[in-house]
Amino acid sequence: MTESARPPKAPPHGFQPVSAMDYLPADQLRQLQLQRLQTMVRRAYERQVLFRDRMSGRGLTPHDLRTLGDLAQLPFTIKTDLRDTYPFGLFASSMSDVVRLHASSGTTGKPIVVAYTREDVQVWAEVMQRTFAACGVHAGDIVQNAYGYGLFTGGLGAHYGAEALGATVIPISGGNTDRQIMVMKDFGVTVICCTPSYFVHMIERAGQLGVDMHQLPIRAGLFGAEPWTEQMRHHIQQTSGVCAYDIYGLSEIIGPGVGSECTAQAGLHIFEDHFYPEIIDPETGQSLEEGEEGELVLTTLSKWAMPMIRYRTRDITRVIPEPCPCGRTVRRIERIGRRSDDMFIIRGVNVFPSQVEAALLAVEGTLPHYQIVLTREHGLDQMEVQLEVTPQLFSDRVGALEEVRRKLAHSLENTLGIHVKVQLAEPQSIERSAGKAKRVIDKRDATP
Amino acid sequence: MKIHQLSVFLENKPGQLALPCRKLAEAGISITTLSLADTEQFGILRLIVRDWERAQEVLRNAGCVVNVTEMVAIQVPDRAGGLAEVLEIVEQAGINIEYMYAFTDKLDDKGVLVFRFDDPDRAIEALSGASIQLIDRVELFQRLGIVS
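Protein sequences appear in the order of chains A and B.
With this note's numbering, letter number 213 in the first sequence gets 213, and the count goes up by one each step, no holes.
With this note's numbering, letter number 80 in the second sequence gets 80, and the count goes up by one each step, no holes.
Keep in mind that the hints were calculated from the coordinates and are not lab data.
There could be a bad hint or two in this list.
No farther apart than 30 Å at their CA atoms in a straight line, the calculated lysine-lysine pairs in the BS3-like style are these [what the hints assert, rightly or not]: (1) A:Lys421 <-> A:Lys443; (2) A:Lys443 <-> B:Lys23; (3) B:Lys13 <-> A:Lys436; (4) B:Lys13 <-> A:Lys438; (5) B:Lys13 <-> A:Lys407; (6) A:Lys421 <-> B:Lys110.
Let the sequences and hints guide you as you build the complete structure.
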């Protein structure tokens, strides 16, 4: 068997469920959700001016929330609400009860600030503990936490969850890839946490250093903080032997720990006793039927310092109505491949970076080191995909390389329905990020 | 019987050729010959060096994408029609020539040709069957006047 064809390492058997909440019968769960939701809405109404004004504008009070279905009548909260009330305008607790602040990376303008009471921090650790458990992690595992520590919620979120589980945490944070690989090897790391794009970079760098992850104890990876694809999962599992799990969260709700795949790798369980999911039509705002695809809207059910009622995530997914083979009763959502704000429109066609990734990885020999560059030439939008050349793609013959370019362009055109220019780039020429990968460079405003 | 050629991927922008050449120079590796194939989008640098294994390592460590190609070297009389006779044999065997290099033999009054065939094994068979003088790696560098 060749190195790349080895199957990913099997999850351990016999681990114990860490939370009965994951297995609650549906009627009990709904009852709990309604109680918590009513408390949460009351708290938001009493303490968030923005929310109260919007409720009043619709002639609503917390008493109008009698069933879970009534939630659909309530106003949404959106990202700009957090910016507009920067920094503390949506806090529902006084600062003396707030034990932690985090802030988003804030790519444009001011960041958004989120708050936690002591209980919120405990809930966060609990949902992250359940996340690790769902991915087959247990006490005795050695967890290399390469999410960034700091204002970003990824680092500390994963840290306290893994500690709560009783695993050994290495708080290495992001960056310094050579040291990451040394630690992974020398400390006998069994579980890694980071962005999927950064792990791909680690695998590649390990290969250059003569380290084969198939030979190391590392077994599972909890990957999140950016959208990624099934093709990327396949690539990671094939090249490292590490089972790649998708985890989900956002700072506005709590950070990582909103949802996670289980070892079935068939959708992400939402920890519904703390976060209530709805799917809406992103155009009309109308609630959709269970199973229909739309924008995920989340309501916190226990977040005390900063309740979020009907927060529009911009993430496109659907709820999977069927029960999961793992036995958890908390519902699943499909892997989030698309964010409505990641989408760009080129010559009238909606394109998501994940579609580009899937099309590129469908061609044999490619690695997920790519970047999408949008420009405007003579008033017309142009899309170029830059992809690093690998030894598998490269040839001494011009014709063979042109053929590779044609194949890639063809695969992209098939997926997207528009012509895309493919540019082959030298290895390492596309910037590696220790955090979220920057996939799209839009130069269209600079080139009128 | 085969000669190893290295190819290196280059982006088509200024300064890209200098890096691999500089890395080889730093390692004390001398380039016997090179050719450059270029398109609007990218270039392919092809190199024949005596110590190809070490050169490959140097280039890989410098972050280049490097492939190894098997080439076939032959000796032909240095006269009119010398090359044409060889090409006829190759053509009759239905083998394609992707590209080639030509040198002057420093030992004899002959020419040395190095070919990239689409099927080097069949090419060797056809050429040796027609009594064309094939030359190996050691002899190639001797005939090109490269010692040590």
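Do the hints match the structure? See the list:
no.: 1; hint: A:Lys421 <-> A:Lys443; result: holds (15 Å)
no.: 2; hint: A:Lys443 <-> B:Lys23; result: violated (34 Å)
no.: 3; hint: B:Lys13 <-> A:Lys436; result: holds (28 Å)
no.: 4; hint: B:Lys13 <-> A:Lys438; result: holds (23 Å)
no.: 5; hint: B:Lys13 <-> A:Lys407; result: holds (23 Å)
no.: 6; hint: A:Lys421 <-> B:Lys110; result: violated (47 Å)
Hints 2 and 6 from the earlier list are contradicted by this structure; the remaining hints agree with it.
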